[in-house]
Structure formats: C-alpha cells, structure tokens
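A.B. asks: So the sequence lines, in the order shown, correspond to chains A and B. According to this note's numbering, the stretch in the first sequence is residues 97 to 272, in order. According to this note's numbering, the stretch in the second sequence is residues 97 to 272, in order.
Just so you know, these hints were derived from the structure itself, not from any lab. Any given hint could be a false lead.
One copy or any two copies: either way a pair holds, since identical chains are not told apart in the list.
[What the hints assert, rightly or not] Lysine-lysine pairs mimicking DSSO-like chemistry, simulated, CA-CA at most 27 Å apart: (1) 199 to 259; (2) 225 to 243; (3) 226 to 199; (4) 243 to 144.
Okay, here's what each chain looks like letter by letter:
Number of protein chains: 2
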Amino acid sequence: MNRIAVLMIAGVTLAGIVVSISAVSGPTDEHADPIFVKEIPAGYRDWKVVSVAHEAGELNDIRAVLGNDIAIKAYRDGTLPFPEGAIVGRIAWRYEPSEENNKAFGRDQSFVAGSPTEFYLQFMVKDSKKYAATGGWGYSSFDQNGKPSADAAMTSCFPCHQKVQGRDYLFTRYAR
Amino acid sequence: MNRIAVLMIAGVTLAGIVVSISAVSGPTDEHADPIFVKEIPAGYRDWKVVSVAHEAGELNDIRAVLGNDIAIKAYRDGTLPFPEGAIVGRIAWRYEPSEENNKAFGRDQSFVAGSPTEFYLQFMVKDSKKYAATGGWGYSSFDQNGKPSADAAMTSCFPCHQKVQGRDYLFTRYAR
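Work out the full structure, taking the sequences as your base and the hints as a guide.
C.D. replies: Quick look at the structure:
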C-alpha cells in the first residue's frame, strides 16, 4: 500500500486531507488551491478527551481524539455545526502489546500506546469562511517532529469526511 | 470467570483494589480495615490524557487514562513518587467495531469507544499518610451510575500494582 493510501486511511476517523476543490466563485473550471493547515495548535496535548479508538490493519495505531474548549463544549452540548475556532485533534501511537501488563494479567490481552506513528498528529480547524470549500474545516497532518505531511499525500480524504457531513464532517463521537 | 477475577483484571493497568493489609503498628496479627475511596473526583472528565489502552479478553474495553494537574505534571517531569494530591483515573468503554468507519475505510479495522463498562471508572488517589498501607494510594472503582464496586470484589489487585512499585504502583506510562 502506498503512502497516499495509508494517509487516506489515517485520516478517516478524524482528519487529514483537503482535496483540490472547484472554485465556487466563477463559472469556469478553475480550481482553488487547497488550503492545508501547517501549524500545530498550541497546547493540544492539554486538551480534553473526545474519545479513543484503535485502527487495526496498515495503521495499527491506538489514538486519543481531543478537542479544544470550543470543540468540547460543542460536542457536549450537541451543537451543530461546530462553532468558529473549534479544533478537533487526534494523537496516534503505535498499537503495542504490553508484556508487562500481560504478565500481571497472566494472559495476553493488554495493548498500549507505543511510539508516535508516521501520521502522529492530525487536526481539523473550524473557520467557516477560510475553509468554506472543505466544509468549513481546515485539515492538517504532522509527523512526530512536527513536519506537515506532504501536500501530495493530502488529496484523498475529504470525500470520506463528506460521508458524515450531517455530523459536521466529524467521524468521532463524544464518549460519555 | 467470576466478578472478582474480572475486577482484578480490570484493575491491573490502573487501579481498583485495596487489600486487607496487616496493621504495622502492633506486634499482633490485627488487620486494618481496607480503605476504599468511595467518591468520584470532581471534574475528572476534564483531565488531561496520560495514555490510552485496549484490554482484550473478558474486559474487552478501550480506555483513556487521565490525570489531574498534579499527576500530569509529575508524569511529565518524571517525578517519583507522585506528590500528595495526585489522582490518576481511567475511563473504560466497551471496545466496539465501528461499522460506519469500516465502511469509509472499505475494510474492517476501526474500533471505537462504546457504552460504559461495568467497571467504568477507576481512580488512584495519592495520600501517603491516609493510604500508607497500600503504597500511599487509595483505590476506587465505580460503575456508570457512580456506584462503587462491591468491597468484596476489591480484595485482589494491590498485589498486581506492587509489581510496579518502582514506578510508584502505576502501570500506565505517559504517552509522548
């Protein structure tokens, strides 16, 4: 599986991709440049938990989905669409068996967060004007060194997020 | 598997059990009453993430391990033992495949947080005097309605936590 396919999958539960979309301002076939968010939001590691998930297969990660205060409030209140300034992020670590825990359990059953994955951090940033062409969300993806994922790899996931347009493009539900 | 065994397993990566321990104050065989924490710490759902994990088998949960500010600071700084007032908690949800995500992926690989488990919330509360007999931590466990787990079921996990005495009895490591 190539990197683009992997990234597409990486993004599906949360974020990652902005497609090149047709400009809506003119009658021609002009394409607007995709808008990729290139900065990691400050303080994301302190954000509150939306939910957790495990992606098996090629991704093989375990992840925490977090939200800034605006996003968390909207999730808890059931506000749709999400307000301006909402940011939802996810951190993905390698999905690793814990020998230490398994020993304590006396059986193989414990899987924990290992080192950062290739698509370690992904965010969706709500700005309904700036990112109007992609549902009001700007998308981003970073490796563990904070390096944005290649633009070439950022072209295939928005159609996935469109599948949950009714939940404002967010796959992840708030875990109660 | 009976409930006690399940709870023992439930607690191993984080919390859950206080054993009846021998009183150290006298030469007799008197036993001190175990000290079970019966209150859910306020605001725990807003706490920061320590890590995430999946427990397969009987537990079949996916969990977020959180810490209050004192615990998070200690984790990040590598402070051992954890300071007074530190609380580490974990929320466990049923580990459920996400049909919606799998459809988007085009393959079965996505597992998400479902409804609360029987041992939904567990906490370790640091008070080195009050809980001196159990390594300075008080343990608690609650179902989704906030009902503490039965005392009878709270008698078998402290020996597990002792296996990681060198990390101040905490199995979960901070995920970076």
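A.B. asks: Which numbered hints does this structure break?
C.D. replies: Violated hint: only 3; rest satisfied.
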